[in-house]
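Here's the letter readout for the chains.
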Amino acid sequence: MTLAPKPIDERVVEKLRRFYRANRRLPTYSELAQLFGYSSKNAAYRLAQKLIDEGFIEKDEMGRLKPIGERLGIPLIGYVQAGFPTPAEEELIDTLSLDEYLVEKPTASFMLKVSGDSMKDAGIHEGDLVIVERGCEARHGDIVLACVDREWTLKYYERNGREILLVPANPDYPVIRPKGELTLGGVVKAVIRKY
Amino acid sequence: MNQPITIHSWPRAIAHIDADAFFASVEQALHPEYRNRPVITGAERGIVAAASYEAKARGVKRGVPLSEVTRICPDCILLPSDYETYSLFSKRMFSIMRRYTPEVEEYSIDEAFLDLTGTRRLHRTDYKEIGRMIQDDIKKELDITVSVGISLSKGTAKLCSKFRKPAGLTAVPGKHLHLLLARTELSKVWGIGPNTTALLQKHGLKTALDFVRRPSEFAKRLLGKVGEELWLELRGEYANRIDTIGKLKQASISKFKTFTPPIADRDVVRARALRNLEGACIKARRYDQVAGKLVLYLRGQDFSTDGLEIRLDRPSASPADLTATLLELFDHIYRSGKLYRATGVVLAELVDSMPLQFGIFEEPEKILKHRNIFEAVDAIGERFGKHTIFLSDGLKIPMQHEGPRGRVPKRRAEILHGETSRQHIKLPMLH
Numbered sequence: 093m094t095l096a097p098k099p100i101d102e103r104v105v106e107k108l109r110r111f112y113r114a115n116r117r118l119p120t121y122s123e124l125a126q127l128f129g130y131s132s133k134n135a136a137y138r139l140a141q142k143l144i145d146e147g148f149i150e151k152d153e154m155g156r157l158k159p160i161g162e163r164l165g166i167p168l169i170g171y172v173q174a175g176f177p178t179p180a181e182e183e184l185i186d187t188l189s190l191d192e193y194l195v196e197k198p199t200a201s202f203m204l205k206v207s208g209d210s211m212k213d214a215g216i217h218e219g220d221l222v223i224v225e226r227g228c229e230a231r232h233g234d235i236v237l238a239c240v241d242r243e244w245t246l247k248y249y250e251r252n253g254r255e256i257l258l259v260p261a262n263p264d265y266p267v268i269r270p271k272g273e274l275t276l277g278g279v280v281k282a283v284i285r286k287y
Numbered sequence: 004m005n006q007p008i009t010i011h012s013w014p015r016a017i018a019h020i021d022a023d024a025f026f027a028s029v030e031q032a033l034h035p036e037y038r039n040r041p042v043i044t045g046a047e048r049g050i051v052a053a054a055s056y057e058a059k060a061r062g063v064k065r066g067v068p069l070s071e072v073t074r075i076c077p078d079c080i081l082l083p084s085d086y087e088t089y090s091l092f093s094k095r096m097f098s099i100m101r102r103y104t105p106e107v108e109e110y111s112i113d114e115a116f117l118d119l120t121g122t123r124r125l126h127r128t129d130y131k132e133i134g135r136m137i138q139d140d141i142k143k144e145l146d147i148t149v150s151v152g153i154s155l156s157k158g159t160a161k162l163c164s165k166f167r168k169p170a171g172l173t174a175v176p177g178k179h180l181h182l183l184l185a186r187t188e189l190s191k192v193w194g195i196g197p198n199t200t201a202l203l204q205k206h207g208l209k210t211a212l213d214f215v216r217r218p219s220e221f222a223k224r225l226l227g228k229v230g231e232e233l234w235l236e237l238r239g240e241y242a243n244r245i246d247t248i249g250k251l252k253q254a255s256i257s258k259f260k261t262f263t264p265p266i267a268d269r270d271v272v273r274a275r276a277l278r279n280l281e282g283a284c285i286k287a288r289r290y291d292q293v294a295g296k297l298v299l300y301l302r303g304q305d306f307s308t309d310g311l312e313i314r315l316d317r318p319s320a321s322p323a324d325l326t327a328t329l330l331e332l333f334d335h336i337y338r339s340g341k342l343y344r345a346t347g348v349v350l351a352e353l354v355d356s357m358p359l360q361f362g363i364f365e366e367p368e369k370i371l372k373h374r375n376i377f378e379a380v381d382a383i384g385e386r387f388g389k390h391t392i393f394l395s396d397g398l399k400i401p402m403q404h405e406g407p408r409g410r411v412p413k414r415r416a417e418i419l420h421g422e423t424s425r426q427h428i429k430l431p432m433l434h
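Taken in order, these protein sequences are the chains called A and B. Take any residue in the first sequence, count from 1 to its spot, add 92: that is its number in the working numbering. Take any residue in the second sequence, count from 1 to its spot, add 3: that is its number in the working numbering.
Since the hints were derived computationally from the structure, they do not count as laboratory data. Mixed in with the good hints, there may be bad ones.
Stated by the list, open to error - In silico lysine-lysine, DSS-like type, Cα no more than 30 Å apart, as pairs:
no.	chain 1	residue 1	chain 2	residue 2
1	A	Lys281	B	Lys413
2	B	Lys389	A	Lys197
3	A	Lys142	B	Lys131
4	A	Lys142	B	Lys296
5	A	Lys107	B	Lys94
6	B	Lys142	B	Lys64
7	B	Lys429	A	Lys107
8	B	Lys389	A	Lys107
9	B	Lys286	A	Lys107
10	B	Lys131	A	Lys197
11	B	Lys389	B	Lys258
12	B	Lys260	B	Lys94
13	A	Lys286	B	Lys94
14	A	Lys281	B	Lys143
15	A	Lys286	B	Lys389
16	B	Lys142	A	Lys197
17	A	Lys212	B	Lys413
Unchecked claim - Every beta carbon over 10 Å from chain B, so not counted as near; a handful from chain A, in silico:
no.	residue
18	Tyr112
19	Asn115
20	Arg116
21	Thr120
22	Ile144
23	Glu150
24	Leu157
25	Asp234
26	Asn262
27	Val267
28	Ile268
29	Gly272
30	Val279
Built from N, CA and C at the ideal position, the CB exists for glycine as well.
Model the full assembly from the supplied sequences, consistent with the hints where possible.
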């Protein structure tokens, strides 16, 4: 068994990547020290040396740090070594993860597990998960999460002139005409059912 | 005495944003039936961790035992803490703040400092209005309220956020700073504890203004460098910078776990202590640090706490090295027959793990092997959840769901199809 050096931490790389994206260059030694909370530039120098040894970065003729190839995960458009991306790679850049597709506003989205069958004709069944977005205006025809009698309930949001109606998607349930102030928990943006 | 401290209004604009009764507010945001009702969290620990404003109005305070709560407020809703959900809310709160300035210091789970200096033009409004916009966004998207204080330094911003609560918004520019300080008792100042208050009172000081009216040499002579910094802070001179890099390194790591009901069984208490050690080690390894000192605490049912610490021959963050030491400490403080309610492990004197040095009687091969094992344990943990692989003593820990009902947060009791007990979908659940 050999005394192999510890591999470079992915978080270190991520930090550098972020710096590179923001500044379009790698940090100087004093910036490195600041970035990683070192109190001396010597520690920064050691880290840089390690990154050089591992082939993440190199020094240019002026002694400045610069990335090699795509090891830092930084696409170097126009960089000779990187060559031209194939059309397939190009296409992959503009994709959404399922997560991004279902959750448009991550800071304002919540999940609710559906109970009851009052929305079954809208395709929302007991046990389904709905993604609810808070802080957006409800429009006529949206499915909303409303607070009725201190409980959350899913209903169609309909406006009839001044009146607001909460309409179920199941003929067995009555239409609710909220009296006084109506508290909305948000607007339904997606339904998820995993088998 | 009415002279301003500075004639400049906003040489810097620092905001302190503090969520109101955070844990309780999150529960109220998710459960409509808890709204406008007294709610407390911390039921699993037997004491109040957070009390909603409705509960506070009835006299319920933090740290009070549950029996006391049910006596003074019989209709209070007692909830177990759901730290997973609170953390999700906390992260969202911080990312909303980052829409307004990149300089956000996550000071604790429910409070942050922001440097707003120079953002007026960007947002086309004054600092107070920016504070209100952040407050509104958080209210609209998370349905919880925060109190905002804006002033020239972290210390003064914190005084402002405390000035009006809940949902308060207080902005004090430099030219009005003396008015705020004149109304602030020394003991209310961030960084002045009861002892410092007593000391300053002996010199005839009553308010924060009295303190900053003295020359800085006075503060330095009496309270040292810290006092001088405090003096600068309170004068709005921004001594304490906003730390946006965040907690890259920890000073110490502690893992405490209360178990209910209290247990006397030696094996179980020991297994709990070991589990805490494992947890602390995982965290230390995540920060790439090793501990020079190991501390063990055992807390009895009567809240008496025994602790023992030991300095390690070689800094480590591997249970393989630390288990034997911990068990030695355990044998010293465990009293058979005594009922215990909590164990705690602290890893202190943390240093970077890079320079690995071996003692003359140690076996480098074995140590490296152990390190590789725990790297693998961490990798598996990352994929399948923490503590997927654990020391076999952990088998003696009773299942999480045992114990009285209502002690486990809903989010942990109700696992969705496709989730595991350790890994949940990263969205808060409405109930």
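Results of checking the hints against the structure:
no.	hint	verdict
1	A/Lys281 with B/Lys413	holds (24 Å)
2	B/Lys389 with A/Lys197	holds (28 Å)
3	A/Lys142 with B/Lys131	violated (47 Å)
4	A/Lys142 with B/Lys296	holds (28 Å)
5	A/Lys107 with B/Lys94	holds (19 Å)
6	B/Lys142 with B/Lys64	holds (24 Å)
7	B/Lys429 with A/Lys107	holds (23 Å)
8	B/Lys389 with A/Lys107	holds (24 Å)
9	B/Lys286 with A/Lys107	holds (19 Å)
10	B/Lys131 with A/Lys197	holds (26 Å)
11	B/Lys389 with B/Lys258	holds (14 Å)
12	B/Lys260 with B/Lys94	holds (24 Å)
13	A/Lys286 with B/Lys94	holds (27 Å)
14	A/Lys281 with B/Lys143	holds (17 Å)
15	A/Lys286 with B/Lys389	holds (25 Å)
16	B/Lys142 with A/Lys197	holds (15 Å)
17	A/Lys212 with B/Lys413	holds (25 Å)
18	Tyr112	holds (17 Å)
19	Asn115	holds (13 Å)
20	Arg116	holds (17 Å)
21	Thr120	holds (16 Å)
22	Ile144	holds (16 Å)
23	Glu150	holds (22 Å)
24	Leu157	holds (19 Å)
25	Asp234	holds (17 Å)
26	Asn262	holds (21 Å)
27	Val267	holds (20 Å)
28	Ile268	holds (15 Å)
29	Gly272	holds (14 Å)
30	Val279	holds (12 Å)
In this structure, the one hint that does not hold is number 3.
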